[in-house]
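Construct the entire structure; sequences and hints are all you get.
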Amino acid sequence: RKEVEQDPGPFNVPEGATVAFNCTYSNSASQSFFWYRQDCRKEPKLLMSVYSSGNEDGRFTAQLNRASQYISLLIRDSKLSDSATYLCVVNTMNTGNQFYFGTGTSLTVIP
Amino acid sequence: GAGVSQTPSNKVTEKGKYVELRCDPISGHTALYWYRQSLGQGPEFLIYFQGTGAADDSGLPNDRFFAVRPEGSVSTLKIQRTERGDSAVYLCASSLGLLNEQFFGPGTRLTVL
Numbered sequence: 437r438k439e440v441e442q443d444p445g446p447f448n449v450p451e452g453a454t455v456a457f458n459c460t461y462s463n464s465a466s467q468s469f470f471w472y473r474q475d476c477r478k479e480p481k482l483l484m485s486v487y488s489s490g491n492e493d494g495r496f497t498a499q500l501n502r503a504s505q506y507i508s509l510l511i512r513d514s515k516l517s518d519s520a521t522y523l524c525v526v527n528t529m530n531t532g533n534q535f536y537f538g539t540g541t542s543l544t545v546i547p
Numbered sequence: 032g033a034g035v036s037q038t039p040s041n042k043v044t045e046k047g048k049y050v051e052l053r054c055d056p057i058s059g060h061t062a063l064y065w066y067r068q069s070l071g072q073g074p075e076f077l078i079y080f081q082g083t084g085a086a087d088d089s090g091l092p093n094d095r096f097f098a099v100r101p102e103g104s105v106s107t108l109k110i111q112r113t114e115r116g117d118s119a120v121y122l123c124a125s126s127l128g129l130l131n132e133q134f135f136g137p138g139t140r141l142t143v144l
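As given, the protein sequences belong to chains A and B, one line each in that order. Note that the first sequence covers residues 437 to 547 in the numbering used here. Note that the second sequence covers residues 32 to 144 in the numbering used here.
Hints are not guaranteed to be accurate.
Stated by the list, open to error - Derived lysine-lysine pairs resembling BS3-like cross-links, with alpha carbons at most 30 Å apart: (1) 46/B to 515/A; (2) 46/B to 109/B; (3) 478/A to 46/B; (4) 481/A to 515/A; (5) 109/B to 515/A; (6) 48/B to 109/B; (7) 42/B to 478/A; (8) 438/A to 481/A; (9) 515/A to 42/B; (10) 438/A to 478/A; (11) 478/A to 109/B; (12) 481/A to 109/B; (13) 42/B to 109/B; (14) 478/A to 515/A.
To be verified - Derived list of chain B stretches under chain A, where covered just means 3 residues or more per stretch with a C-beta under 8 Å from a C-beta of chain A: (15) 73–84; (16) 87–98; (17) 126–133.
Unchecked claim - What the simulated footprint calls covered on chain A by chain B, stretch by stretch (three residues with Cβ under 8 Å from a Cβ of chain B suffice, anywhere in the stretch; the number is not a length): (18) 471–485; (19) 495–508; (20) 537–544.
What the hints contain is simulated information worked out from the structure, not anything from laboratory work. Quick caveat: nothing in here was measured; it's all calculated off a predicted structure. Glycine residues also receive a C-beta, built at the ideal position from the N, C-alpha and C atoms.
This is the structure:
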């Protein structure tokens with residue numbers, strides 16, 4: 437079983453739409469959670485960390501559900517520039533300091 | 032300021048050859064990570080350095096892969112007897128410390144013919 441699982445998509449949404457991605461993780465001891473964004477043929481860049489109480493950064497909202505072992509990312513009022521792959525990342529330190537990336541969810545925002 | 036840099040940006044080699052991939056982290060970052068990313072997949076953890084020592088090398092796929100960071104800054108990923116399945120983008124990331132944001136380099140695209 438993979439450490440982190442994401443629906444690869446693709447998600448094709450019109451500008452202005454709201455879109456949500458989910459990600460599940462297998463290790464209940466995981467401690468830190470992140471969403472990274474990766475543009476085509478570019479390196480991943482941190483979008484936001486995910487905190488237990490949920491957190492918001494502008495149009496982006498991240499939530500963590502430890503009981504069900506999933507994290508989510510909500511994007512409101514989608515912009516063309518939001519088109520990218522969104523990677524869910526989970527950190528587990530009980531067996532080292534490994535960061536596990538999901539396969540990524542592809543988003544295309546259509547004019 | 033300067034970000035993470037990786038050289039070469041592209042490397043084409045023949046099966047069985049030896050390659051070295053270099054990573055220059057952001058100055059002052061003590062943590063350094065190597066990942067491998069294949070098409071359509073997320074980055075796969077290979078090894079993590081805290082300072083000069085490999086704190087976690089459990090992601091290295093086999094003993095053909097080795098990485099060093101002798102002075103706690105620049106790191107080199109070494110692959111012996113390359114195989115076609117080693118073809119991927121090798122990403123390096125650095126961070127100030129554990130659990131801090133990781134900053135990625137542009138990657139080295141390795142192609143093994």
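Results for each hint:
{"no.": "1", "hint": "46/B to 515/A", "verdict": "violated (44 Å)"}
{"no.": "2", "hint": "46/B to 109/B", "verdict": "holds (14 Å)"}
{"no.": "3", "hint": "478/A to 46/B", "verdict": "holds (26 Å)"}
{"no.": "4", "hint": "481/A to 515/A", "verdict": "holds (18 Å)"}
{"no.": "5", "hint": "109/B to 515/A", "verdict": "violated (41 Å)"}
{"no.": "6", "hint": "48/B to 109/B", "verdict": "holds (11 Å)"}
{"no.": "7", "hint": "42/B to 478/A", "verdict": "holds (17 Å)"}
{"no.": "8", "hint": "438/A to 481/A", "verdict": "holds (22 Å)"}
{"no.": "9", "hint": "515/A to 42/B", "verdict": "violated (36 Å)"}
{"no.": "10", "hint": "438/A to 478/A", "verdict": "holds (24 Å)"}
{"no.": "11", "hint": "478/A to 109/B", "verdict": "holds (23 Å)"}
{"no.": "12", "hint": "481/A to 109/B", "verdict": "holds (25 Å)"}
{"no.": "13", "hint": "42/B to 109/B", "verdict": "holds (13 Å)"}
{"no.": "14", "hint": "478/A to 515/A", "verdict": "holds (19 Å)"}
{"no.": "15", "hint": "73–84", "verdict": "holds (count 6)"}
{"no.": "16", "hint": "87–98", "verdict": "holds (count 3)"}
{"no.": "17", "hint": "126–133", "verdict": "holds (count 4)"}
{"no.": "18", "hint": "471–485", "verdict": "holds (count 6)"}
{"no.": "19", "hint": "495–508", "verdict": "violated (count 0)"}
{"no.": "20", "hint": "537–544", "verdict": "holds (count 4)"}
When each numbered hint is compared with the structure, violations occur for hints 1, 5, 9, 19.
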